[in-house]
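> This is what each chain is made of:
There are 2 protein chains.
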Amino acid sequence: MTQTLDIAVVGATGTVGETLVQILEERDFPVGNLHLLASSESAGSSVLFRNKNVRVREVDEFDFSKVKLVFFAAGAAVSLSYAARAHAAGCSLIDLSGALPAEQAPQVVPEANAEVLAGLKAPFQVSSPSPSATALAVVLAPLLDLIELQYVNVTANLAVSAQGREAVTELARQTAELLNMRPLEPTFFDRQMAFNLLAQVGTPDAQGHTLLEKRLVRELRQVLKQPLLKISATCVQAPVFFGDSYSVTLQSASAVDLVKVNAALEDAPGIELVEAGDYPTAVGDAVGQDVVYVGRVRSGVDDPAELNLWLTSDNVRKGAALNAVQVAELLIKDLL
Amino acid sequence: MTQTLDIAVVGATGTVGETLVQILEERDFPVGNLHLLASSESAGSSVLFRNKNVRVREVDEFDFSKVKLVFFAAGAAVSLSYAARAHAAGCSLIDLSGALPAEQAPQVVPEANAEVLAGLKAPFQVSSPSPSATALAVVLAPLLDLIELQYVNVTANLAVSAQGREAVTELARQTAELLNMRPLEPTFFDRQMAFNLLAQVGTPDAQGHTLLEKRLVRELRQVLKQPLLKISATCVQAPVFFGDSYSVTLQSASAVDLVKVNAALEDAPGIELVEAGDYPTAVGDAVGQDVVYVGRVRSGVDDPAELNLWLTSDNVRKGAALNAVQVAELLIKDLL
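Line by line, the protein sequences are chains A and B. Under the numbering used here, the first sequence is numbered contiguously, ending at residue 337. Under the numbering used here, the second sequence is numbered contiguously, ending at residue 337.
Where hints are given, some of them may not hold.
Identical copies go unnamed one by one, so any copy, or any two together, can satisfy a pair.
To be verified - Mimicking DSSO-like on lysine-lysine, the simulated pairs with C-alpha atoms at most 27 Å apart in a straight line are: (1) K261 / K231; (2) K261 / K215; (3) K53 / K69.
Keep in mind the hints are simulated off the structure, nothing from the lab.
Kindly produce the complete structure, drawing on both the sequences and the hints.
Below, the structure written as structure tokens:
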């Protein structure tokens with residue numbers, strides 16, 4: 002008889018939560034009872050799982066001792082409110098909010114630092130990094146043996162779906178209004194998002210960095226086990242519904258062997274390397290896929306120790322929901 | 002009596018050429034006879050100048066000895082075909098195509114290296130750099146006394162209008178089709194441009210760099226008089242009609258004084274620095290304006306020798322047409 006695991010998903014009605022439920026089904030994760038949880042506003046709706054509508058219940062009223070594993074796919078505030086309660090009830094938890102400190106719940110990207118899980122004890126507490134750190138970690142990890150990495154510069158052109166369904170609706174609405182020559186009245190975004198780029202996502206701190214940028218730097222350093230790695234990050238809001246695009250420059254201490262880099266990217270798990278001369282796009286390649294796409298692999302214009310890359314990744318899927326499920330798959334034998 | 006100058010504009014029906022004619026009028030440039038020239042396909046149409054329709058004639062049939070100054074605002078092939086003929090006829094010329102070698106026609110951005118013009122003799126040959134190099138030069142020039150610049154990293158998210166009217170029409174058409182759930186059939190672009198980013202503009206060379214990226218590196222080094230400056234450039238096609246956005250990281254050899262940087266940007270010509278915590282956008286700020294907008298001025302997350310900036314610029318105006326007219330204004334006393 003096959004063993005199963007009772008599971009809860011907090012934030013089940015959000016874009017990431019809903020995709021997470023879908024991926025659990027797609028990958029035949031041994032789910033027994035599935036409890037879908039959300040805030041009081043979203044409770045009462047339902048989400049399809051294995052051809053049945055599962056009703057979404059209020060997280061605040063949930064008895065976490067009913068399940069062995071909880072995915073936290075709502076915001077930071079929700080994780081901070083309920084993670085301790087879930088853990089005290091004996092649940093293992095995988096948090097996607099970035100709210101839990103690394104000492105409590107280390108950031109894990111299976112393709113990059115799965116070995117971290119071996120050092121943990123049940124009930125487990127693991128963090129699944131931000132979409133940006135996850136995509137970058139998948140691609141940089143297999144290169145660390147080939148290049149003496151000194152510096153990472155990344156401009157992340159992020160899809161609006163990372164900000165939820167309201168942001169998606171607003172981009173569509175603004176676009177339609179502009180195409181129909183109607184006056185634009187931004188609501189979700191504070192200015193024109195259609196046919197425009199917004200230079201920051203969220204409010205910057207006193208030094209000018211946003212939370213998302215600091216999270217990218219912190220999480221990528223942790224997952225790559227390079228706590229002092231110099232990283233420059235700019236997170237930009239692009240007028241794209243789904244799929245993130247990354248312009249990346251890596252600086253090595255010595256000349257980079259492009260043949261070896263291409264071979265390593267070709268062989269590494271979780272990566273699809275496109276043909277030389279071609280490039281992947283967020284919409285055309287990454288969306289709906291489980292891998293991070295890589296293209297435009299090239300040295301500097303006249304610096305052989307520089308390596309430039311263009312990455313695209315499904316921010317909801319590989320960037321969040323899939324990575325969390327992959328972590329759960331690695332923990333499953335200790336949970337059943 | 003006010004003296005005037007007879008002028009020709011080659012490529013008068015293009016987005017840059019038309020804007021150039023408009024700027025000559027706006028800035029009261031002392032135009033005498035204005036000759037608008039284009040390829041045989043565009044000849045016969047007309048462009049408005051000082052409330053009169055000026056007929057566009059075929060460049061191949063033009064007698065360049067009729068004018069003292071020619072703006073070349075068509076492509077590289079046109080400049081290579083007619084620049085020598087114009088110059089032999091005694092015309093000074095300002096080329097916007099990037100086709101002429103620096104030794105023949107130095108790249109000039111008045112805010113950055115106007116002094117180059119003093120070393121030239123009539124009939125003059127000057128190049129106006131690509132929109133990217135122009136915007137970056139305007140902003141970096143006033144910082145060179147403050148920072149020991151070692152490295153520039155730029156991801157340029159470029160508007161489709163740089164590729165002409167067909168590209169603008171295609172972005173609008175693709176967007177409308179997608180919003181109306183109709184199948185997308187790319188024509189001008191080779192894939193979906195709406196709600197997507199394309200990682201390269203033009204065909205890359207064997208090393209993977211595009212002409213636009215190499216032009217940016219070459220022209221920026223020349224204008225800043227730093228022939229060995231290390232520059233990493235990625236030029237991306239963004240789903241934006243007008244206005245370029247630049248994510249820029251500068252590396253200095255020593256800690257950057259942000260107070261001085263902000264003061265220098267505040268004082269420098271051709272720049273509008275937005276308030277700390279805010280940021281400019283291509284559409285909301287730069288389009289239709291004569292200045293390069295700067296925001297998100299910040300150090301590295303933990304490197305005080307790093308300086309990050311976000312720039313937006315009207316690619317047709319400051320990036321091309323206006324810069325060429327500014328050069329002409331500096332030459333005018335020697336041309337009349």
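> It remains to establish, for every hint, whether it holds in the given structure.
Tested hints:
1. K261 / K231: Answer is both: 24 Å inside a copy and 24 Å across each meet the 27 Å cutoff.
2. K261 / K215: Answer is between; shortest inter-copy Cα gap is 25 Å, intra-copy 31 Å.
3. K53 / K69: within (22 Å within a copy, 79 Å between copies)
This entry satisfies every hint, going by the numbered hints stated previously.
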